[in-house]
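**Student:** One-letter residues, chain by chain:
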Amino acid sequence: MSNVNNVKIHKYDTVIVGAGGAGMRAAIEATKRSRTAVLTKLYPTRSHTGAAQGGMAAALANVEEDNWEWHTFDTIKGGDYLVDQDAAEILAKEAIDSVLDLEKMGLPFNRTPNGTIDQRRFGGHSRNHGEAPVRRSCYAADRTGHMILQTLYQNCVKEGVEFFNEFYVLDLLLNEVDGIKKTAGVVAYELATGDVHVFQAKAVVFASGGNGKFFKVTSNAHTLTGDGQAAAFRRGLPLEDMEFFQFHPTGIWKMGILLTEGARGEGGILRNKDGERFMEKYAPVMKDLASRDVVSRAIYTEIREGRGCGPEGDHVYLDLTHLPPEQLDAKLPDITEFARTYLGIEPYTDPVPIQPTAHYAMGGIPTNVRGQVLADNETPVPGLYAAGEVACVSVHGANRLGTNSLLDINVFGRRAGIAAAEYADTAEYVELPEEPAKFVLDEIENLRDATGNERVFEIRKALQECMDKNVMVFRTEQTLKEAVEEIGALRKRFRDISVQDKGKRFNTDLLEALELGNLLDLAEVTAVSALARKESRGGHYREDFPNRDDVNFMRHTMAYREVGDDGTESIRLDYKPVVQTRYQPMERKY
Amino acid sequence: MSTATLEKNDSAGPAGSGENAAAAHLITVTLRIRRFNPEVAAEPQWQDFTLEIDPKERVLDALHKIKWEVDGTLTFRRSCAHGICGSDAMRINGRNRLACKTLLKDISPEKPITVEPIKGLTVLKDLVVDMEPFFQAYRDVMPFLVTKGNEPTRERYQSAEDRERFDDTTKCILCAACTSSCPVFWNDGQYFGPAAIVNAHRFIFDSRDEAGEQRLEILNDRDGVWRCRTTFNCTDACPRGIEVTKAIQEVKRALITRRF
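Respectively, the protein sequence lines represent chains S and G. Numbered by my numbering, the letters in the first sequence go through residues 9 to 598 in order. Numbered by my numbering, the letters in the second sequence go through residues 26 to 285 in order.
Isolated chain G (complex conformation) (with noise of 0.2 Å):
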């Protein structure tokens, strides 16, 4: 266990909303995170970081303070730091989200925040787990446009409908925040998961494309769709506010119905 306790005017992050950033106090926040690193040890542990810090920064800011100032071996995924790239998806106290889109105050500070890395996929150091079976999934599904005949030399028409209609869809980041607080895809990771499916729904429902069918029946498959429980973590899960588990439904019905 260690403490950090950093200067009151230090910047490094954001300091705070409105108008009273000037004012922004610090408070004592415990960040309680799952170790892993096999060259160390071979089974993870918990590790307490105490660190002062204000309350409006972000998880990722958090983490960052502890890596730069107190244990740089400590290891995770980062980039953007505002929610777009999609690298710091993890596990925080018990619910998938991204740690640069989580502000401290609102997930209780006044207790141990407990950081894990997500669920589901092999760990390989500390938060930073092997992601290539996630790609995979997805990669499975034919998640391209795909047309037939010849190509107009302009722009394929699409009426602003049609375009609304797979919108939703269009917002994945590929973080694996939702595949990753699947239940079913813990117990079996050859489950597409919803991310695939998410990204299937995407052409499926886009009126330019001509593989509708194909992608259909590979999500017929018995490692498919019908493996969703519609638990709803997935929905919960998404940073983009994507309704995860709308877009698996509508496969489940396009598949039934042969309409989309």
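Pulled out of the complex, with its shape left as it was, chain S reads as follows (with noise of 0.2 Å):
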């Protein structure tokens, strides 16, 4: 490590932003093959893939008969066709060694009687292309999330992979050699110290997460905000398909927390206010276990006519009620305990008042299968990476099928951190930038001098406020355009923020004030992209146009920041084509 200008420098031959499932995932592949440093923004087992609850998909057949193949058509159809094929086949195929890896590793499954994985269902996967519900889903209770981080982050220790916990990467160092930008490193704030460092990198793989803090009501932490995708989108790199949002059907009631789907894996209904089934009406199959897409709309619909429950008729109830207290205990203990804990309710005896809630970014930077990030429709930036969240590849197409992401992050983590590692042995370092800290150096002095009357708090709750408001489950032309002018308003007035909290040490006050400009950037990216897609497909849907449009719109969008000689910036939308194998795209219906 050396030291220029107040700026630590730290070389490395790889460098991982992000310690979820997916970084650390990458991390204990890159550990074995490289020089790695781990570079995350909290302590690695405050990530928030501990909060994945119900399962990771994978056709073991240890309960019933099953095969990748099934699996991989539910993802495409899952994702309303909008899914590249070719990676939802690698993701299918690779799950079943991506949870024995795991089991290997450590982690505690649930077992079946005879002493294998056990498995149980989840919305949308179906046996033999739809025909019922299918076992799929390896789980450890209701904590399959939360014994993931736990079990990689062992294995981290065991590898002795090198972490730099607090640290929070603000930029993306890209250089450009012989005419093509290369990665050259990346740009950390020291939370503890409020130092800068740079660490050079031939390879930088980013795992940093989703986005859905812009949103009010979210089943993601108060950190989620999608620092990796905005850091890449100011360097000039794509975003793909970020109007593609999952909203999680069984959010707790205003509050947004997650109750997993795995609880109408066990069994559970949802009702609206005369105790009604609803789903049977538009699900007859797959009914309470429909997509999450098809679920959420589903709820809006019945509150919207009138037939929610509560005085306000805004919630509809999640009822577990028939089910045996001693299989609640086992299957579900932790979102019972959410229930008496956060609403006094025993899920006993009681209904659950639930909601939709803000969960996945189905979009994010896009890379092809071997984790490579895209600069455009098909070229790699030399030396970067990109899996998890933060990433398209893209396996979830238009919507996510849950247990995949659980899959995604150790299937593409994995990946991702083998391909960077590979190719961190053969490179040459890139040379750094002139004054390569000089944008975080720049953001964080403007940021503690500002004397602006405009306070954080109060621009993230119109955001998250304009966002619930327009660009969640039901959209159209009109709320899309509100939203785009607001954001637009809002950037505006985020240039005349000031932070109270002016020290250098644990300055979380700043941290925030750097989280909202990234949720801006993303929210804008998200509303424009939706605007411009006028069909109906996945987890985008559009009152205005209806319909899944294939003619038209069977193709990701890529969402481009121009800067004008004047230096205004504009958002540009390109489109790239999805990859197709086996299946054509048909009607949606479960």
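Just so you know, the hints here were simulated from the structure itself, not pulled from any lab data. All residues carry an ideal CB built from backbone N, CA and C; glycine is no exception. Misleading hints may appear alongside valid ones.
Listing some non-contacts, in silico: residues in chain G with all C-beta distances to chain S over 10 Å [unchecked claim]:
1. I52
2. P137
3. F257
4. K271
Computed list of lysine-lysine pairs in DSS-like fashion (alpha-carbon distance at most 27 Å, straight line) [unchecked claim]:
5. S:K40 to S:K166
6. G:K173 to S:K166
7. S:K469 to G:K130
8. G:K277 to S:K166
9. G:K173 to S:K112
10. S:K469 to S:K489
11. S:K542 to S:K477
12. S:K510 to S:K16
13. S:K584 to S:K189
14. S:K542 to S:K584
15. G:K173 to S:K40
16. S:K295 to S:K597
17. G:K196 to S:K112
18. S:K446 to S:K510
19. G:K196 to G:K277
20. G:K277 to G:K144
21. S:K101 to S:K584
22. S:K489 to S:K584
23. S:K510 to S:K500
24. S:K512 to S:K446
25. G:K196 to S:K166
26. G:K196 to G:K144
27. S:K16 to S:K190
28. G:K144 to S:K512
Work from the hints to combine the two standalone chains into their complex.
**Tutor:** As structure tokens, then:
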């Protein structure tokens, strides 16, 4: 490590940004093959992978007939055919080894009576191309994500992975070599001291998670602010399919805390104020286990048509009362505890009020199946990789199936870790740009010195309310235009913010301001991309264009940041073809 | 001392439970927070914040309201806000809890609520402590599965009973509420502390693991399990409901009987 003008310079072969499931899965591979550093905004075990509950899909066929081709089909159909089918095939095929790898790393899966990994039903996963629900989700009670995060961290300890905890990556360094932009490293802000660090690296893997915090009702952690997406976007790299955001049907009413789909997999039923099992109307075969976009729309349709529960009629019930208490205790202990803690409700005897909650970004930094980040529709950026929710491979298309995200982080985290380390093994360091930390130093100094009247929390609250109102489950041209306009106005106001904490030590006031800047950028991309997609597909539902339009929109959105000669910023949209191999688009019914 | 008054229909938080949320009433709450910032003053001091808030909100919501609306310098860690990430363990009314799992109504909000950093770890700023010694103790007990011989092609088999044997200790989220509630740990930071022992237990009693003896030897050390005085503070503090003291006793018993 060297020290230039108070900026510390480090040199590693591979740098991984983020220490959730994807980052740590990548780190386990990369550390064995190259000198690797993991930079993480949080302590690794605080990552939001730990909040995932229901399970990880893999066609192990431990409890009933299943195969990876059915899983591939379900993933493609679940994604409303916007999925890149070559990637979905890899996901489903490598799922089996991914689960077995985790078991060998020590993950305590629930077991069948004969000692193999137990499996349960989950939304959208079916036998033989949609015939009936299939038991494909491998699980550890309702804390599968927690067990994955812990197991991966345990194995990072075992492998001696080098972590830089509470290092917040704020910039990606690219430098042009022979006319090609190549990866040179990243710049990070050390929360404990306020110091700025440059990490020179041959390969960088972004695994920094999602960006759901621009919604108000969300299952996402406070820290999910799209830092990786925003850093890449600022440096001119595209963001793919950002209009596709998943709303999970069962968030705790008003709070958004996730109640796993596994609750319905175990037999839980959604009911409206008349006690009717309304999903029978919307999805006669899969019923409560239809895919998430379908169930979330059904819930809001019930609410809009006056069949919602409570005095405001603004939620529906998740009914678990017919399930034996022993089953709830054994299979769903955490979520029943959430209902007791946060709602004061006993799920043995009372139904739980729920509403859809903003849950997962299908879009993100575009990558190919090796995890390489794309600079356009096909050209990889040498040395740059991404995996997990920050990335868009695209295995989730327009709507992700439940249990496919824990799978995604393992399959593509592993792939990105291997590919990055192998690249670093042969590549040369790219020279750092001149004054590599300048952008970050300026950004921090400006924020710390700013004296404007705007406050971070007010702008963030306005942004979240705007997104909930206009860019949620139901969208129209009008709501999206309103959103674009309001986000633009909020971005202007953001220039006049100031923070109260002017110190260097653990300045989380400053951190929240930086995070808000990222959320504003990404909210704008989301709304602009959604406005241009004049069709309904998966998680993106346009009331003014209620049908899927394969002629005009069977393609991925690619959003680029453009800066004019006068410094004005704009978003340019381009499109990328969907990779179709063997499954032709069909009408999507559950 | 500062006062924040919130609008009646502010809805930044959950606004309550059941069917009565619309009629949620606000109460006046005083949070008495232990502040420390070595950039400003060498010694910690108490600061009172009084705010109007729905009693069904969490202590974390109250801390957020203060940070966002009154004093941006108030510093604490948090992430998931529903008791699973383990970031926001703090000492609330003298007891270790997660701020995001503690509702104001459950902790006598009519009296000032004291909020302090967890004890036994160096305070860096306000409610933020240095977690490194805590994680070092965790790493020292070999918290990972160790197996010998060739790997099977499929999964290792484990009966449901064998899996159940260590279920309780797999719930740990490494929040440090247990370790930093332990009087032995307060007096001697060398003690491994309950969380590290819980995580050793998780592997010692896993039928697939083959390093139980090594972990027991580590915990047989003078700073190991024998330091435990069974005060049960750790069990009371655990936000995940793990029977921490019982797990420690099981490790002690395994050391004596060498059966696990």
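**Student:** When the structure is checked against the list of hints, which entries are broken? Sort them ascending.
**Tutor:** Hints that this structure does not satisfy do not exist here, as all of them hold.
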